[in-house]
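There are 2 protein chains.
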Amino acid sequence: MGLNSERIGRDNLSFILRRVHVVGPQSRSDLTSLLGLNRTTIGSLVRQLESRSLVEEQQMSSSGLPGRPSHVVRVRSDAHLVLALEIQVDSMAVGLFGLGGSLVRSRRIASDPREVGPDETIAQLLGAAREFITDDDRDRIVGVGVGVVGLVRSVDGVVRLGPNLGWTDVPLGAMVRSGLGLDVNVRVGNEADLGGLAEYLRGAARGIDDAIYVSGEVGLGGGIIVKGQLLAGAHGFAGEIGHAVVNPTGMRCACGATGCWETEVGEQALLRAAGITADGNPRRAVNQILEAAASGQPVARAAVEHVGRWLGIGLSSFVNAFNPGVVVFGGLFGRLEPLVEGIVWEELERRALLACRENLAIRPGRYGIDAALYGAAELAFEPLLADPTLAPARGPQSAGSSGRRKTSVVANR
Amino acid sequence: MGLNSERIGRDNLSFILRRVHVVGPQSRSDLTSLLGLNRTTIGSLVRQLESRSLVEEQQMSSSGLPGRPSHVVRVRSDAHLVLALEIQVDSMAVGLFGLGGSLVRSRRIASDPREVGPDETIAQLLGAAREFITDDDRDRIVGVGVGVVGLVRSVDGVVRLGPNLGWTDVPLGAMVRSGLGLDVNVRVGNEADLGGLAEYLRGAARGIDDAIYVSGEVGLGGGIIVKGQLLAGAHGFAGEIGHAVVNPTGMRCACGATGCWETEVGEQALLRAAGITADGNPRRAVNQILEAAASGQPVARAAVEHVGRWLGIGLSSFVNAFNPGVVVFGGLFGRLEPLVEGIVWEELERRALLACRENLAIRPGRYGIDAALYGAAELAFEPLLADPTLAPARGPQSAGSSGRRKTSVVANR
Chain A
1 MGLNSERIGR
11 DNLSFILRRV
21 HVVGPQSRSD
31 LTSLLGLNRT
41 TIGSLVRQLE
51 SRSLVEEQQM
61 SSSGLPGRPS
71 HVVRVRSDAH
81 LVLALEIQVD
91 SMAVGLFGLG
101 GSLVRSRRIA
111 SDPREVGPDE
121 TIAQLLGAAR
131 EFITDDDRDR
141 IVGVGVGVVG
151 LVRSVDGVVR
161 LGPNLGWTDV
171 PLGAMVRSGL
181 GLDVNVRVGN
191 EADLGGLAEY
201 LRGAARGIDD
211 AIYVSGEVGL
221 GGGIIVKGQL
231 LAGAHGFAGE
241 IGHAVVNPTG
251 MRCACGATGC
261 WETEVGEQAL
271 LRAAGITADG
281 NPRRAVNQIL
291 EAAASGQPVA
301 RAAVEHVGRW
311 LGIGLSSFVN
321 AFNPGVVVFG
331 GLFGRLEPLV
341 EGIVWEELER
351 RALLACRENL
361 AIRPGRYGID
371 AALYGAAELA
381 FEPLLADPTL
391 APARGPQSAG
401 SSGRRKTSVV
411 ANR
Chain B
1001 MGLNSERIGR
1011 DNLSFILRRV
1021 HVVGPQSRSD
1031 LTSLLGLNRT
1041 TIGSLVRQLE
1051 SRSLVEEQQM
1061 SSSGLPGRPS
1071 HVVRVRSDAH
1081 LVLALEIQVD
1091 SMAVGLFGLG
1101 GSLVRSRRIA
1111 SDPREVGPDE
1121 TIAQLLGAAR
1131 EFITDDDRDR
1141 IVGVGVGVVG
1151 LVRSVDGVVR
1161 LGPNLGWTDV
1171 PLGAMVRSGL
1181 GLDVNVRVGN
1191 EADLGGLAEY
1201 LRGAARGIDD
1211 AIYVSGEVGL
1221 GGGIIVKGQL
1231 LAGAHGFAGE
1241 IGHAVVNPTG
1251 MRCACGATGC
1261 WETEVGEQAL
1271 LRAAGITADG
1281 NPRRAVNQIL
1291 EAAASGQPVA
1301 RAAVEHVGRW
1311 LGIGLSSFVN
1321 AFNPGVVVFG
1331 GLFGRLEPLV
1341 EGIVWEELER
1351 RALLACRENL
1361 AIRPGRYGID
1371 AALYGAAELA
1381 FEPLLADPTL
1391 APARGPQSAG
1401 SSGRRKTSVV
1411 ANR
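If you read the protein sequences in the order shown, they are chains A and B.
Each residue of the first sequence is one higher than the last, beginning at 1 in this note's numbering.
Each residue of the second sequence is one higher than the last, beginning at 1001 in this note's numbering.
Everything labelled a hint here was simulated from the structure, so no lab data went into it.
There could be a bad hint or two in this list.
Ranges between beta-carbon positions, derived for each pair [to be verified]: (1) A:112 to B:1361: 38 to 48 Å; (2) B:1386 to A:156: 33 to 43 Å; (3) A:10 to B:1060: 33 to 43 Å; (4) A:91 to B:1102: 55 to 65 Å; (5) B:1361 to A:283: 36 to 46 Å; (6) B:1368 to A:156: 37 to 47 Å; (7) B:1103 to A:178: 48 to 58 Å; (8) B:1135 to A:10: 42 to 52 Å; (9) A:341 to B:1027: 51 to 61 Å; (10) B:1361 to A:252: 24 to 34 Å; (11) A:359 to B:1027: 27 to 37 Å; (12) A:91 to B:1296: 56 to 66 Å.
Just so you know, even glycine gets a beta-carbon here, dropped at the ideal spot from N, CA and C.
Take the sequences, apply the hints, and build the full model.
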């Protein structure tokens, strides 16, 4: 794309808003040098963002140093909110977030989507959301983000396949859009993609532009950051590393193939390695195995080591393919990490090329089970961050946010 | 990055030059609408590029249609050249290219780097290059690109590891820089990365921004395009998909690991599957197997099918991970493609998720054995494309390019 003046103005607003949203408060002089613009232009851009209730400016209290007092620009976390929704295999969550990624409040409830099917699951989620948001919230919500354990077509939010939910071609985006009655943009993303996004923007991969998020769920979800952006692929389905072939003569996977990585790792694999048949509450059984392994019980230790070894084997392929700066373990793997760190590295040293792994860090995620909820909030903020002029401007006389109109502008990309 | 006016001017020049370099001739009105700038500004930008001998403008011959005659902007392929060098396992090549990717001439010679070691190999390459370029070429060369079958640290062009060359930590970039005596920028890249770049920019993946190039050599090289850019990873070593684990209990790989993808595909694997011990000329043996397989000879067919099946198995992992729009088979795999297309798809249908493969195309490469040489030329042009002001401007009175200074400005990124 070329650059004309209208687009440049919008891009500069976007740059500033994204910077204070992701990095935190910035002094005007920081912004001046980052953008290579003069102080007057920066001042004008900041005032435009202020007039849309997106940022606020504070004069720094005197530091005792000479020179002009500096202004610090920070997000207003109260004026514009997003609603984040999430569907996992055994729970669902709703959350409300302000600019800067600040959680207003969230709620998680148990669910059984495989039992009740997609229509009832989505109805439960929408019911929980409607109960969760107040009339005051409603007026401030500028976008909705939804995370789901499945392959999502980003353009319309259809879940093409959720192997562990039993879903095929579920129009989740459209159902949320019509069911919520909010006149705002709704975006849907894959659970692990959104977990990876959250860990990259504010969590364990923060500041590392090439990162792999590997989340242990029933199976294994992957969210991959390339040059600071989620890897989408040609049609938005990238990141399905749980279905990498690691053991071609191995076990049958829920996807229909044989020897997928997730047949050897993830909750199901851990239970199987421990000789436990999944009963009514597999997550409780997983917890018991983790506790027993931590206290040295041999069968539990062996099961954990089986998963750790295969985690390292499969990871080697993607360390060689992506040369990431960090691998973040989420979900079950985040909890496993202290138990399997050694064995994972043993396999990486055996199988990943030195150049590809020598500066690699492996870390547990910051957000645990809520990673995708935080990521869904980021997804929901994205249209506003890309074009801050979507937020309505108010006149200089109106101090509050009461006069704002809703934004219903952005097409889901 | 923010946007100031100096950078915007440079970015607009870069946009136009890159467009005519990659896409081909553009009318002024195309550029006007692409850039969203007015005709006067476009005219001024084009004149700046003309003054640097980068483009030339032609008035289109009257089409009989009403309206102003349109000006067409095209690259000048004669004024600025790049030198491309390449080191494979059994040959090396030199080439001279003009803007627009046009080949001036190239030469490939047999070599045996494993036999003679890195110093002698590089000395041979430099000797061939010095013999190849004339004094007239020398004055017009603005950059050098080098492709090599190994893991390259992009910042300084050190080959960290060339498993199939037997190289470790060879300062190829510095040796080419000092040995050529050209006061220009030298960039080094991985063979398969550069092959992928060439096939993306002008070959079988042209116009498809998410693509995987899989090249059959002694082993398997990968070059991955994400959103129109080569995947580099945190330190430039990404794309080593030949060392993905596909068969953990399989064969020992040249990298030291067990069961790497390239142990089951590539020339060595094909020879082994055919029961042939690599003698003095493995490439001739490979050709014999391909011919025998094409004519239905059972052992040769079985060997080709073995490679095809494992090609499909390993590829499934990366189709799931990257959701590419196209997979391009280069090198040996380009020649195998007609023989193994069915079997590759059979494995993909078994192992890759429907959503990840349903819009996928698989194609043989356009450039065959020369793909990396074409890619090295693109690597060499990159600094100039990113900042066309690196080419010296001449006064309007000087029509030729004789007055140009050399550019020695750009640090290797």
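Results for each hint:
1. In this structure the hint that residue 112 (chain A) and residue 1361 (chain B) lie 38 to 48 Å apart at CB holds, the actual value being about 40 Å.
2. Against the hinted window of 33 to 43 Å, the Cβ-Cβ separation of residue 1386 (chain B) and residue 156 (chain A) comes to about 36 Å, which satisfies the hint.
3. Residue 10 (chain A) and residue 1060 (chain B) have their C-beta atoms about 35 Å apart, which keeps the hinted 33 to 43 Å range intact.
4. Evaluation of the 55 to 65 Å hint for residue 91 (chain A) and residue 1102 (chain B) yields a pass: the beta carbon distance comes to about 60 Å.
5. The beta-carbon spacing between residue 1361 (chain B) and residue 283 (chain A), approximately 42 Å, falls within the hinted interval of 36 to 46 Å.
6. Judged by the Cβ atoms, the range 37 to 47 Å given for residue 1368 (chain B) and residue 156 (chain A) holds: they are separated by roughly 40 Å.
7. For the pair residue 1103 (chain B) and residue 178 (chain A), the supplied restraint of 48 to 58 Å holds, since their beta-carbon distance comes to about 57 Å.
8. The hinted range of 42 to 52 Å is satisfied by residue 1135 (chain B) and residue 10 (chain A), whose Cβ atoms lie roughly 51 Å apart.
9. Separation of residue 341 (chain A) from residue 1027 (chain B) is about 60 Å and conforms to the stated range, judged on CB atoms against 51 to 61 Å.
10. Taken as a hint, the range 24 to 34 Å holds for the pair residue 1361 (chain B) and residue 252 (chain A), whose Cβ atoms sit roughly 29 Å apart.
11. Separation of residue 359 (chain A) from residue 1027 (chain B) is about 47 Å and departs from the stated range, judged on CB atoms against 27 to 37 Å.
12. For residue 91 (chain A) and residue 1296 (chain B), the Cβ-Cβ distance of about 58 Å falls inside the hinted range of 56 to 66 Å, so the restraint holds.
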